[in-house]
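Student: Chains as they are written, first to last, in our numbering: chain A, 193 to 322; chain B, 10 to 168.
No lab work stands behind these hints, which were simulated from the structure alone. One or more hints might be untrue.
[Stated by the list, open to error] Covered by chain B, according to a simulated footprint, are these stretches of chain A (three or more residues, beta-carbon under 8 Å): (1) 227-237; (2) 244-251.
[Unchecked claim] 30 Å max Cα-Cα, derived DSS-like pairs, lysine-lysine: (3) Lys29/B - Lys218/A; (4) Lys218/A - Lys155/B; (5) Lys199/A - Lys101/B.
[Claimed, not checked] Label pairs and their in silico Cβ distance ranges: (6) Asp212/A - Thr107/B: 37 to 47 Å; (7) Ala200/A - Glu149/B: 47 to 57 Å; (8) Gln110/B - Asn226/A: 19 to 29 Å; (9) Glu86/B - Tyr274/A: 39 to 49 Å; (10) Leu47/B - Thr311/A: 24 to 34 Å; (11) Phe215/A - Tyr95/B: 19 to 29 Å; (12) Pro72/B - Asp201/A: 32 to 42 Å; (13) Lys81/B - Ala200/A: 16 to 26 Å; (14) Thr140/B - Asp212/A: 44 to 54 Å.
Each residue gets a CB set at the ideal place from its N, CA and C atoms; glycine is no exception.
Now for the letters of each chain:
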Amino acid sequence: MALGKIKADTLEHSTAGSVDTQFAVKGSVKSSINFNGQNVVSIRDSLNVSSLTDNASGRYQINNSTNFGNANYSITGSTGYYTSGTDGANMSLSNGAANMSTSVYGIETDTDSTDTDHTLNCTQAVGDLA
Amino acid sequence: MIETPEFQGIHLWDRLCWAKENLEGHQSDYRVVYEDNLDEPAKVLVPDPNWMACALQGGILPPVEVYWELVKDEAEEGFTKHTRGYLLHNTKPVEAMTEEQAIEYLIMKDVPQHVWRDWDSGNKPKLVICTKQQLPATREWRNAWKISEDLATDKTVAA
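Construct all of the structure, not just a fragment, from the sequences and the given hints.
Tutor: Written as C-alpha cells, this is what we have:
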C-alpha cells in the first residue's frame with residue numbers, strides 16, 4: 193500500500209453521475225472479525241481488532257484497535273456451524289456480554305434461545321472512527 | 010523482514026490496513042484468564058493474530074497510555090464523541106515488542122484496569138497469563154470456569 197494521498201471530495205463518472213467520497217469513507221466496514229467459538233476459541237481473521245474476549249458460553253466481546261468516534265456505530269453479524277448447518281443459530285448484540293463503548297462491543301450466540309458456542313461467527317462494524 | 014514506514018501522523022486504521030496487507034498474522038498460544046466479577050465465570054482474552062503481527066513488527070501501534078486517555082474521556086459525564094482521537098494517530102508508535110511484552114500491552118489495553126492494576130491483592134490472582142493448552146479442553150462447563158486455586162504451570166488454570 194502506498195502512503196501517498198489523493199484528496200477528492202467527489203468522484204465523477206463520464207456518464208453515470210458523481211458520488212461524494214464521504215460515502216466510501218463513512219460507509220465502509222471499519223472493524224470485522226471471523227472466529228471460532230468452540231473448544232479453544234480462536235480468531236481466523238480480522239480487521240481493526242486487538243483481541244476477542246470469551247466471556248461465557250455464547251458470550252463474547254470484540255475489542256477494537258482503533259476506537260470509533262462514538263459508541264453509536266452499527267454492527268451486523270452472522271453465526272453458524274461449518275459442518276452441520278445453521279438451523280436455530282442466532283447472533284445478537286448484547287450489552288449483557290459487554291457494555292458497548294467506542295472500543296468494545298458484545299455479542300451473544302444461541303441456538304433456539306440457549307446461549308451456545310458456534311464454530312463460525314462473523315461481525316462487521318460501520319461508523320466514524322476517532 | 011519488511012521495514013515499517015514512518016507512521017507517526019498516519020491514521021491508525023490506515024496503518025492496520027498496511028499491516029494486514031504486508032505482515033503475516035501471528036497466532037499466539039498465550040491466553041489471559043481473568044475474573045472481574047465474582048458472580049460471572051472467568052473470562053479469556055484471545056489475542057488477535059493481525060494485531061499481534063503489528064506488535065511484533067513495531068512502529069505501528071500507539072503507546073497503550075493513549076487508550077487510557079480515551080477511556081478517561083469516554084467516562085466523562087456528557088461524553089458524546091471523541092475529540093482527542095488524534096492521540097492514536099499522532100503519538101509516536103511503540104517499537105517492536107516480544108510476544109510476552111505484547112501480551113502485557115494487550116492486558117493493559119483490553120482488560121479492565123481495576124483487574125490488572127490490582128491483580129494479586131485477594132486470596133488468589135484475578136488474572137493469569139497461560140497457554141491455550143492450559144485451558145480446559147472442552148467447554149462443557151464453560152459458565153462455571155474460575156481461575157484455579159492451584160496454579161502450578163503444568164496444570165489447567167481454569168476449571
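Student: So which of those numbered hints doesn't the model satisfy?
Tutor: 4, 13
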